[in-house]
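Undergrad: Heads up: the sequence shown at position 4 corresponds to 4 in UniProt numbering, and the numbers run straight through without jumps.
Bear in mind the hints are in silico, worked out from the structure with no lab data behind them.
Owing to the predicted nature of the structure, the values given are computational and were not obtained by experimental measurement.
For each residue, glycine too, the CB sits at the ideal point set by N, CA and C.
Watch out, some of these pointers could steer you wrong.
[Unchecked claim] Computed spacing ranges between beta-carbons, pair by pair:
{"hint": "1", "residue 1": "L46", "residue 2": "I10", "range": "15 to 23 Å"}
{"hint": "2", "residue 1": "R47", "residue 2": "D26", "range": "34 to 42 Å"}
{"hint": "3", "residue 1": "Q56", "residue 2": "L28", "range": "35 to 43 Å"}
{"hint": "4", "residue 1": "A57", "residue 2": "A7", "range": "27 to 35 Å"}
{"hint": "5", "residue 1": "L25", "residue 2": "W50", "range": "18 to 26 Å"}
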Amino acid sequence: IIISESAHLIWCLRCEWRIGREGKLDCLHTEAEITGRWRAVVNRRLRLDWALVNKQAGGPPSRETNY
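Construct all of the structure, not just a fragment, from the sequences and the given hints.
TA: As structure tokens, then:
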């Protein structure tokens with residue numbers, strides 16, 4: 001998940017810079033912007049993965065368990 005999402009983010013950032021910012025070197029993405037976007041993308045994907053796995057396993061675990 002991390003590798004594929006990172007590669008996609010790199011591609012998106014490059015496209016934004018080349019097209020949206022016209023490839024200007026003074027308009028590069030900041031380190032803080034890149035870090036924030038990477039965290040958001042990875043967290044979104046992990047939440048989606050978690051939700052899909054729990055759905056397949058029968059939903060989130062119950063708080064009341066009978067042992």
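Undergrad: Now look at each hint and say whether the structure bears it out.
TA: Tested hints:
Between L46 and I10 the beta carbon distance is about 18 Å. The supplied range of 15 to 23 Å therefore holds. For the pair R47 and D26, the supplied restraint of 34 to 42 Å holds, since their beta-carbon distance comes to about 35 Å. At roughly 41 Å, the beta-carbon separation of Q56 and L28 lies within the given 35 to 43 Å, and the hint holds. Between A57 and A7 the beta carbon distance is about 29 Å. The supplied range of 27 to 35 Å therefore holds.
Take L25 and W50: their Cβ atoms lie about 39 Å apart, and the range 18 to 26 Å is violated.
Going down the numbered hints, you'll see the structure goes against just number 5.
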